[in-house]
Amino acid sequence: GAVVSQHPSWVICKSGTSVKIECRSLDFQATTMFWYRQFPKQSLMLMATSNEGSKATYEQGVEKDKFLINHASLTLSTLTVTSAHPEDSSFYICSASGPGGRGNEQFFGPGTRLTVL
Amino acid sequence: AQTVTQSQPEMSVQEAETVTLSCTYDTSESNYYLFWYKQPPSRQMILVIRQEAYKQQNATENRFSVNFQKAAKSFSLKISDSQLGDTAMYFCAFMNLGDASGTYKYIFGTGTRLKVLA
Chain A
1 GAVVSQHPSW VICKSGTSVK IECRSLDFQA TTMFWYRQFP KQSLMLMATS
51 NEGSKATYEQ GVEKDKFLIN HASLTLSTLT VTSAHPEDSS FYICSASGPG
101 GRGNEQFFGP GTRLTVL
Chain B
1 AQTVTQSQPE MSVQEAETVT LSCTYDTSES NYYLFWYKQP PSRQMILVIR
51 QEAYKQQNAT ENRFSVNFQK AAKSFSLKIS DSQLGDTAMY FCAFMNLGDA
101 SGTYKYIFGT GTRLKVLA
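Note that the protein sequences, when read in sequence, are chains A and B.
Read in order, the letters of the first sequence correspond to residues 1 to 117 in the working numbering.
Read in order, the letters of the second sequence correspond to residues 1 to 118 in the working numbering.
Possibly wrong hints are sitting among the right ones.
Pairs of lysine-lysine, BS3-like flavour, derived with a Cα cap of 27 Å [unchecked claim]:
1) B/55 with B/78
2) A/14 with A/64
3) B/105 with A/64
4) B/105 with B/70
5) B/115 with A/41
6) A/55 with A/41
7) B/55 with A/41
8) B/55 with A/20
9) B/78 with A/41
10) A/14 with A/66
11) A/41 with A/66
12) A/41 with B/105
13) B/105 with A/55
14) B/105 with B/55
15) A/66 with B/105
These are calculated hints, taken from the structure and not from any lab test.
Extracted from the complex, chain B is given alone in its bound form (with noise of 0.2 Å):
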């Protein structure tokens, strides 16, 4: 069975700083996708960056990127010049693209709450 962690419950940054959000999990499976999602207090999960396990290259979307290291099972989440907007908690997730049932569950971390200060 797969399983995500992540081992920061609460972080804080600086307003225009940059902080890193961790995630490991743990597979036997080759073909899966990651995922961070965002949950600011309105509570709608919004997509923060994807990652395809086959693309060695991280990926990135304007200030956030990921430091995907497949052979070490981590994916963490970096968000530069930090906005107050980013306060939210951070979900790391797991998607298993060889899932029998075809069904494409995804495994979510416990999050971290994640607060920009001004």
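Bound conformation, chain A alone (with noise of 0.2 Å):
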């Protein structure tokens, strides 16, 4: 129990495209959803923490504009990096929380490996 999908796995884009990554919850229902940034051989560094049906909190640092995050659903929550740059290229990473889960613990996705040329 407590799956928890990304998709894309892997994604390459132009610069100045808009790319939408999404995180699923497959047999929970995530009240809220962590989004996370990891450069290579690095820690996780938190983005944003959405709970369902409200608007995601960023973390300092973090471009609301730029990385929109939507959390519309208990089982869906998605992060579009606006106006991509190879600045933005990463490794993002989701995680969800919620009851039918351990208390509070996160749950990860896979990851999606976005690269901008």
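Starting from the two chains in their separate frames, assemble the complex, guided by the hints.
See below:
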């Protein structure tokens, strides 16, 4: 139980285009979802937290207009990287928590590798 | 603010041997969880073990066990009978259950890269 999927697993896009990444909780209701960014050989950096039906809360230094997060249902959150540039290339990981999981433990998706040319 | 420190960027261990990864944290909270996650080359985050702060007994999961020293704010992971499949990045994480926002964020350490040698 407590499976989280992400789609796509990898994406290559041209500079200036927008890319949408989906995060789904497959077998539990995710009241809270988290989006992380991870650079090679580094730790996970929390970008934002989203609660179903409300606006996301962004961490300091994360541009909310560049990284649009929508958490429209208890099983789906999306991260849209708008007007992507090469410096946005990274590994993006989502996680989810909610009733049906263990307490407030986060369950992680497999990640999405974004390459911006 | 809470912080998590992993002071060993890289470690190696011979197959079948035992290795201990260190983690210290700083907090003024009393109610929290601690976790160890494994991130293999696939980059999927896998929960290894978790510890509730109110529990005095150290958590164990098969070959994995922790030494939780609450007063010292230390949470080390011991891997016994190391296997090649244990080769991965290991992250220590802290979650404050008293988070007023109710979002229960994780604070991650910088990670320890463990290589198990054949």
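Against the structure, the hints:
no.: 1; hint: B/55 with B/78; result: holds (18 Å)
no.: 2; hint: A/14 with A/64; result: holds (21 Å)
no.: 3; hint: B/105 with A/64; result: holds (18 Å)
no.: 4; hint: B/105 with B/70; result: holds (20 Å)
no.: 5; hint: B/115 with A/41; result: holds (14 Å)
no.: 6; hint: A/55 with A/41; result: violated (31 Å)
no.: 7; hint: B/55 with A/41; result: violated (33 Å)
no.: 8; hint: B/55 with A/20; result: violated (42 Å)
no.: 9; hint: B/78 with A/41; result: holds (22 Å)
no.: 10; hint: A/14 with A/66; result: holds (16 Å)
no.: 11; hint: A/41 with A/66; result: holds (24 Å)
no.: 12; hint: A/41 with B/105; result: holds (21 Å)
no.: 13; hint: B/105 with A/55; result: holds (16 Å)
no.: 14; hint: B/105 with B/55; result: holds (21 Å)
no.: 15; hint: A/66 with B/105; result: holds (22 Å)
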